[in-house]
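S.K.: Sequence:
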Amino acid sequence: MSAETPARPLPSRHRSRARARRLLLLLAVPALLWFVVFMIGPLVSLFYYSLTKWQGLLGEPVFSGLENFARMVSDPDVHVATRNSLLQLVITIPIMIAIAFMVAYYLNLQRRGHRLVRAVLFTPLLLSAPVLAMVMLGVFSPNGMANSILATFGVGPVSWLTTARFALPVLWAVGIWSGTAVSSIMLAARLADIPGEVYEAAELDGCGHWRRMWRIAFPIAFEYVGVIVMLQYLWVLFSSAALVLLLTRGGPGNSTMTLSFLVYDLSFNRSQVGYGQAIAVVLFIVGVVGMLAIRRAFRARY
1 MSAETPARPL PSRHRSRARA RRLLLLLAVP ALLWFVVFMI GPLVSLFYYS LTKWQGLLGE
61 PVFSGLENFA RMVSDPDVHV ATRNSLLQLV ITIPIMIAIA FMVAYYLNLQ RRGHRLVRAV
121 LFTPLLLSAP VLAMVMLGVF SPNGMANSIL ATFGVGPVSW LTTARFALPV LWAVGIWSGT
181 AVSSIMLAAR LADIPGEVYE AAELDGCGHW RRMWRIAFPI AFEYVGVIVM LQYLWVLFSS
241 AALVLLLTRG GPGNSTMTLS FLVYDLSFNR SQVGYGQAIA VVLFIVGVVG MLAIRRAFRA
301 RY
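Residue numbering for the sequence shown follows my numbering, starting at 1 and increasing by one per position.
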């Protein structure tokens, strides 16, 4: 009678969990390395160089403590850039959200002409910043479309991008147009989840489109508004420099200077990299604090 071979014991649940943890850790290593090298590393460098006097790659950074931060207090360029950035935040974000929400509501109604409106507003999504700037240069140049429209009403040409009175509002208008596209898509996706019975009940109660839009649809989409405010807040602080660089280069004078463009100008044009990094540190702190404040204001869960 042959002896039976004993069955191999099954691995315990503890071993399975330990193996799963090791596998997850192994899979997470590339992402962690990427985060440390390309996120934490540059951030540490940013804080370090903000404490130095550095003219760029051709010179050596010299430690200067908090001198760069003290200089900001009396720097007129910082004052102008701060004012312009604050105005852009306060003026453009509410206008853009209002336009984006009305467009999203209109698109969800699918009325006549909604495809044309969608195509016009979503065009910025297909254009890079340089291409968008070239389009706007064609619109606001002395012989561009804007002046051609004015000429039909007997109004003379306007120097849109070379006059301090008009250059900053033009940049705001371009920013609103480019931001409306993404915002409209997000809001339209949220509004599409509202059952049609809600609108029908409101219509039976005598609510017109305006009241249905702002008293029913807007509160439902309010959480998405918080996301849009946060994204546009960060865009104004960190990414609006591209349009300033390509359209006005901060001019005429420094009338269109923003904080993000000032960081670029100091670092690459004036060879004051240390000072530019100090302003970037302040921008980073303002960005983080602002994001937390926006989340708290909208009671967000994201």
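These aren't lab readings, by the way, just hints derived from the structure by calculation.
All residues carry an ideal CB built from backbone N, CA and C; glycine is no exception.
Be careful, since some hints might not be right.
For lysine to any residue, the following SDA-like pairs were computed, each having C-alpha atoms within a straight-line distance of at most 20 Å [what the hints assert, rightly or not]:
#, residue 1, residue 2
1, K53, D75
2, K53, A70
3, K53, L27
4, K53, R71
5, K53, F35
6, K53, N269
7, K53, R296
8, K53, L43
9, K53, S74
10, K53, M39
11, K53, V282
12, K53, Y264
Beta-carbon label-pair distances, calculated as ranges [unchecked claim]:
#, residue 1, residue 2, range
13, F69, R215, 22 to 32 Å
14, P195, I40, 39 to 49 Å
15, T123, F47, 24 to 34 Å
16, I95, S16, 50 to 60 Å
17, V62, L24, 27 to 37 Å
18, V29, L127, 32 to 42 Å
S.K.: Now, for every hint given, state plainly whether the structure supports it.
M.R.: Outcome of the hint check:
1. Using a Cα cut-off of 20 Å, the hinted pair K53 and D75 holds, with the two alpha carbons roughly 16 Å apart.
2. A hinted pair counts as satisfied when its Cα atoms are at most 20 Å apart, and K53 with A70 qualifies at roughly 13 Å.
3. Restraint check for K53 and L27: the C-alpha separation of about 41 Å exceeds 20 Å, so the hint is violated.
4. Between K53 and R71 the CA atoms are separated by roughly 12 Å; this keeps the pair inside 20 Å, and the hint holds.
5. Taking the CA atoms of K53 and F35, the gap is about 28 Å. The hint is violated against a cut of 20 Å.
6. Between the alpha carbons of K53 and N269 the distance comes to roughly 15 Å, so the proposed pair stays at or under 20 Å and holds.
7. Taking the CA atoms of K53 and R296, the gap is about 37 Å. The hint is violated against a cut of 20 Å.
8. Of the pairs offered as hints, the one joining K53 and L43 holds, with about 18 Å between alpha carbons and a cut-off of 20 Å not exceeded.
9. At roughly 18 Å between alpha-carbon atoms, K53 and S74 fall within 20 Å of each other, so this suggested pair holds.
10. Pair hint K53 plus M39 does not hold up; C-alpha atoms about 23 Å apart against a cutoff of 20 Å.
11. The straight-line distance between the Cα atoms of K53 and V282 is roughly 17 Å, inside the 20 Å bound, and the hint therefore holds.
12. Restraint check: the Cα-Cα separation between K53 and Y264 comes to about 16 Å, which is no more than 20 Å; the hinted pair holds.
13. Between F69 and R215 the beta carbons are some 47 Å apart, a value that contradicts the proposed interval 22 to 32 Å.
14. Range check, P195 to I40: Cβ separation about 46 Å, and the 39 to 49 Å hint holds.
15. Here the CB-CB span from T123 to F47 is close to 39 Å, at odds with the stated 24 to 34 Å.
16. Taking the beta carbon of each, I95 and S16 are about 57 Å apart, inside 50 to 60 Å as hinted.
17. A hinted range of 27 to 37 Å is violated for the C-beta pair V62 and L24, which are about 45 Å apart.
18. Distance hint check: the CB atoms of V29 and L127 are about 38 Å apart, consistent with the given range 32 to 42 Å.
Taken one by one, the earlier hints fail for this structure at numbers 3, 5, 7, 10, 13, 15 and 17, listed in ascending order.
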